[in-house]
Amino acid sequence: MAINFRPEELENVRAHAARDYPSECCGILLGHADGESKEVSEVVPLRNLRHDPGRAQELLPVEDPSRESERNRFLIDPQDQLRVEKDSRQRGLDVLGYYHSHPDHPARPSNYDREHAWPWYSYVILSVERAEAKDVTSWVLSNDRSRFEQEDLKMR
Amino acid sequence: MAVKVVIPTPLRQYTGKKDSVEIDARTVGEALAGLTSQFGDLRKHLFNEEGNLRSFVNVYVNDEDIRFLQKSQTPVNENDVISIVPSIAGGFSIRCICT
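Here the protein sequences line up with chains F and Z, keeping their order. If you count the first sequence from 1, you need to add 419 to reach the numbering used here. If you count the second sequence from 1, you need to add 1288 to reach the numbering used here.
FYI, nobody ran anything at the bench for these hints, they're computed from the structure. In this text the structure is predicted, and so the values were computed from the model without any measurement. Please note: incorrect hints may appear among the correct ones.
Result set (SDA-like, lysine to any residue): computed pairs, CA atoms no more than 25 Å apart in a straight line [stated by the list, open to error]: (1) F:LYS505 to Z:GLU1338; (2) F:LYS505 to Z:VAL1345; (3) F:LYS505 to Z:PRO1296.
Chain Z on its own, in the form it takes in the complex (with noise of 0.2 Å):
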């Protein structure tokens, strides 16, 4: 069952300048788990060291944040569209040690 991936801009880099890629899986998970099996170099942009979506990073099934959902086990039918979003954040360091 294939479901789409849309790839954002910054990512593209990784995915062979692909801006959607075609996956086969049951669940978010299982898609995004294919995707970087896939294209190795987007793992470390997506994912921490310890293997958990990085913070910042958001997942939408058509629109919905799968945080609110069933996270990485909610499930995704033929059709369904993956977005990868992220969180645009930042501020300056508390302590002000700036790199």
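Chain F on its own, in the form it takes in the complex (with noise of 0.2 Å):
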């Protein structure tokens, strides 16, 4: 399985990444799957509602709140999620997965990550450095939940 972008989308990716610096961005990723590979047609910038610590608490809490906020945790809003799968639904669109960034950490899915994923699902992951995004891969949980494997990610 591949992810395939379009140039633009892309950018509008990175650049969501790099205007939420130092704190971590979130968004899903709309298109068409066929079984060899994913083609984004839309990405949905999402807050992150790690910003609402009350909020995200109550429906996902973290272990240690002192030492896990929106600069190392996103959550993105169920209400939100429902929403764009519903509107999507509708528009004859998938939701194809999620990105987030890594604000000065690896593009590299966390054992956090890969406890919260569902497979299937593409977890587009950004490296920001300095608010300026660097290296962006994709992730697939394996269906034993144990691993993620990394898929190619391509432009068209």
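Got two chains here, separate frames each, mind docking them using the hints?
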């Protein structure tokens, strides 16, 4: 499986990651999937709910709120997600996956990412160094949940 | 009494590609138990090793989060729609032990 972007969509994702530095950004990738690849046709930037610690903690508690904030955690508001999913379904688009940034950290998934993932979705991660988006990678969770496998991320 | 459970795209590979499943149930807990006994491979993505719903898995009955209703005891009626929606969450490891 590979995930394919148009250059301008990937540029939107990179700009979002740079804009939200030093916080983590997040968003949804919409498009079409066939057996071989995912074609992203739209990216939807969303708010990182960790900016609202009270509500985020109510929805998905973190172990140590003093060390886990919007700087190293992201959470998409499930209400935003439901809204985007319904709207995309009506327009004949699928949710293909999600993106988020790792400010001043590598574009590799953490254990925390893995514990909160589902298979099939593409999890695109961007490293951001000093407000500049650097590496972009994409990952898919294995069916047994034990690891992430990197997938090709291409421009079309 | 049949309720409809909408299966999100990533989990359809475990339900024979069905995008929704009708289950006879009186509560959300019964519906999810029925669903995962019918499609066993779904279980590990919805429930943890202790058999509790994973913390990042949200369940809605007609757009209402069961966390704010009666959780798994939330009653369901004919024609209710149950949606399973993951909380999309992540971030780098505090100690930066990347996998």
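Results for each hint:
1. F:LYS505 to Z:GLU1338: violated (32 Å)
2. F:LYS505 to Z:VAL1345: holds (18 Å)
3. F:LYS505 to Z:PRO1296: Holds, at about 11 Å.
The structure does not agree with numbered hint 1 stated previously, though it agrees with all others.
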